[in-house]
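J.: Protein chains in written order, with our numbering: chain A, 962 to 1315; chain B, 112 to 553.
Be a bit skeptical, because a hint or two may be false.
What the hints assert, rightly or not - Looking from chain B toward chain A, a few residues come up when the C-beta cut is under 7 Å (computed): (1) Val150; (2) Ser153; (3) Glu192.
As the list claims (entries may be wrong) - Every beta carbon over 12 Å from chain B, so not counted as near; a handful from chain A, in silico: (4) Tyr974; (5) Asp977; (6) Asp986; (7) Leu1065; (8) Gly1091; (9) Tyr1092; (10) Asn1117; (11) Leu1131; (12) Gly1133; (13) Leu1155; (14) Ile1160; (15) Arg1167; (16) Glu1180; (17) Met1187; (18) Met1273.
It should be emphasised that the hints constitute simulated quantities derived from the structure, not laboratory data.
Backbone N, C-alpha and C fix where the C-beta goes; we use that ideal spot for every residue, glycine too.
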Amino acid sequence: MLYREAGQFKTSYAADQAVFPIAQDRLFLAMWLAIGFILVPLISSEYLFRAIFIPFLIMALAALGLNLLVGYCGQLSLGTGGFMAVGAYAAYNLCVRIPDLNPLVAFLIAGGVATLVGIAFGIPSLRLKGYYLAVATLASQFLLDWVFSRVAWLTNNTPSGSITAPPVTLFGLTFDTPVRKYLLCLTVLVLFALVAKNIVRGRIGRAWMATRDMDVAAEIIGIRPMYAKLSAFAVSSFFIGVAGALWGFLHLGSWEPLAFDINRSFSILFMVIIGGLGSILGSLLGAAFITVLPLFLNQMPQWFGIALSTAMISHLEAMIFGALIVFFLIVEPLGLARLWRIAKEKLRLWPFPY
Amino acid sequence: MKHSPSLRELLLATVAASSLAAATGAIAQANEQFIPSLVYRSGPYAPNGVPFANGFADYLNLVNERDGGINGVKIVFEECETGYATDRGVECYERLKGKGPTGAAVFNPLSTGITYALTEKTYTDKIPLITMGYGRSESVDGRVFPWNFPLLGTYWTAADIIIQHIGNLNGGLDKLKGKKIALVYHDSPYGKEPIPLLTERARRHGFELLTLPVTHPGVEQKAAWLQIRQNRPDYVLLWGWGVMNSTAIKEAVAVRYPRDHMFGVWWAGAEQDVLPAGSDAKGYNSIALQHSAGQVAVHAEILRNVHGKGKGAGPKEDVGQVLYNRGMVNAMLVVESIRTAQGRFGKKPLTGEQVRWGIENLNLDQGRIKQLGFDGILQPLKVSCDDHEGVRHGRIHQWDGRNWKFVSDWIEGDNSLLRPMVEDAARKYAAEKGVKPTCLKG
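Same shape as in the complex, but just chain A (with noise of 0.2 Å):
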């Protein structure tokens, strides 16, 4: 009854054509961006800002990146880690480079830079499928985290190789609190997830889930399939690259090449996997699951009064954290996304189901 769109009538192309057609739809996105953009900023502490909710936006928009290259065009990634890199330090070269450049372009370009980098290795994808493919992407993970931390010049010659972000000022204004850097991130994102949006929905989307569905089907009914892979490498090294000059400025201020490296891939990977591949929605819960959990998981004992060592807690979280991943796959392969959506259909019906 809930999610009942019966009465909903659609007069014109413009409603046939919404993002989200059905009302509660829109009531139910307007009441999360009221919570993003007014509630949180009101009630949140700057433990909560710093440590959960920028890591999650930053890492939800990787994870949507990621999700437009893997979930809709089905060309499996291990560079994310690499790509985030890219962007991170081609951020950080033009800032320092370029003094007076607005720090959004300068992201932006680093974006632009990640893409570049982004087809560069995606083009090995126009021959190889599934783990070979896995293994291409590995490789330039490896490559772009010896480049960062080989090349002097990425580092502007910094004798530990660790690089400092200049601040952020963007109109005037710093960036410098958790306030402001929170909601400077969830503007990215929010703008991002609609981009993204609107890409899977039209031609450039259905031509990724065709080549991802069955790629020879695709190209007999007139789909190219360098222009398909090589473009889904493009829009989702650019959200990678994008992400990870956030990471960088917004997050850690400060970081080495290990901050990217191969785990950032994985993780990234298992924020897809679990949130749902092909699934906006599910990149957001997949990167909360992946990045909140942990950390619930290793606060719990105390706010419960349950004294452990510090040794215990954290084994207690890898293995409660790893067992958890497990049973969400066993019972929900396509993932989170795919919860909710049962979840719609069920108050489609509810109370009365059949």
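Take the given structure of chain A and dock chain B to it, following the hints.
T.: Chain B only, in chain A's frame:
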């Protein structure tokens, strides 16, 4: 699918519960000084992280049990597991910085990567960092880095002392001309820190420096040792950590490189680094910035007052290990800094800003060190705004197969070489970040 509503509830509950916890954490009890402790008791570096954390905890417990706190202000401390990961370290910092009546007194990041990340935050959060023997080498200059305290020496100091020792072995630094010295380092900011100093020394004395990186965590280092076999450097400096150190010793055996020509930094000079390599480790050297293994007066106090009451953080047998001592000395410096600050601000819980003054005015002379029970493992130190290092002496100790034995006298880092480098690097940082170098008052 019944879990769908409950999952959303769970997410909401997560947010609600964590904000609740943040709120309750802020409610404080009076007359307590909160000291956070970032540790790694799990992950690839745990063998080294555990004794350090135990030493740190035991000393704080000693002060509470024996003296009832610092001048009556009880110490409360909480550990947070970083796993040596920078993002988790930053999360721990955010989690702990506001706890206790006055917030965290001082952070000991225990990782160069975390130190770099937190340095930015110190300027606004006003909580000092003690990076004892690690961290940013240029932070010796307290005018640019008012909140960083690399007490008891930096990596540059450590590298300088090792080179001086090698010079002494050869009958003078000028005899190093034409020699080859290799640096096998952990490929991270930590491992790269000594390179500028070594490059400068190489330029001055005409020896050749080979830099051989090893990727984290360091179990795979055949490539580096292959190069050592080909180039046969006269000495190998090891800037390793955790499992990388024992692996390096085993690799040295494999390429028949003499262990007594290897010199580790102090992170590569504990029992945990040599014991896994067995008898092969015999003759391996490492720098000890101040102390080595072994027990002095304060250990007896810890065994009586902490372990005797069943409050020991780790096994009794580990008391007196190199890294245990390191953690213990670190805790003592924190406590003495707070005591110094109390002398000016009163015997009450202090804020990070006040504790910073205490560290900057820390002055431990021989008498005080003896009084504290640290006689024989610590040189007198005096911190000032210009010099956040306090003391830059070290000795070389050698593993004889069973124990660490000192093989050199006290060597002092050469400040005529170090100081210009520190000031150069600090000036560059100040220019990049727009920091105006001044000594903070109060």
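J.: Look at each hint and say if it fits the structure.
T.: Hints, one by one, checked against the model:
For valine 150(B), the shortest C-beta to C-beta distance to chain A is roughly 6 Å, which falls under 7 Å, so the interface hint holds. Annotation: serine 153(B) was flagged as interfacial toward chain A, and the flag holds, the nearest CB pair being 4 Å apart, inside 7 Å. With a cut of 7 Å, the hint placing glutamate 192(B) at the interface with chain A holds, because the nearest CB-to-CB distance is about 4 Å. Listed as outside the interface, tyrosine 974(A) is consistent with that label: its C-beta sits roughly 33 Å from the nearest C-beta of chain B, beyond the 12 Å cut-off.
Its beta-carbon lying about 28 Å from the closest one in chain B, aspartate 977(A) satisfies the requirement of being farther than 12 Å from that chain. Distance check on aspartate 986(A): its Cβ is at least 15 Å (rounded) from any Cβ of chain B, clearing the 12 Å threshold; non-interface status holds. The claim that leucine 1065(A) lies off the interface holds: its Cβ sits roughly 20 Å from the closest Cβ of chain B, which is beyond the 12 Å cut-off. No beta-carbon of chain B is positioned within 12 Å of the beta-carbon of glycine 1091(A); the least distance is around 27 Å.
Consistency note on tyrosine 1092(A): stated as away from chain B, and its beta-carbon is indeed over 12 Å from all of that chain's, at 23 Å minimum. Non-interface call for asparagine 1117(A) relative to chain B: violated, since the shortest CB-CB distance, roughly 8 Å, does not exceed 12 Å. Chain B leaves leucine 1131(A) outside its interface by the beta-carbon criterion, the shortest separation being 17 Å against a cut-off of 12 Å. With a minimum CB-CB distance of about 16 Å to chain B, glycine 1133(A) clears the 12 Å threshold, and the non-interface call stands.
A cut-off of 12 Å between C-beta atoms confirms that leucine 1155(A) is not in contact with chain B; the least separation is 22 Å. Look at isoleucine 1160(A): its CB is around 27 Å from the nearest CB on chain B, clear of 12 Å, so calling it non-interface holds up. Listed as outside the interface, arginine 1167(A) is consistent with that label: its C-beta sits roughly 28 Å from the nearest C-beta of chain B, beyond the 12 Å cut-off. Look at glutamate 1180(A): its CB is around 36 Å from the nearest CB on chain B, clear of 12 Å, so calling it non-interface holds up.
Residue-level check passed: methionine 1187(A) sits 35 Å from the nearest beta carbon of chain B, beyond 12 Å. Chain B draws methionine 1273(A) into its interface by the beta-carbon criterion, the shortest separation being 9 Å against a cut-off of 12 Å.
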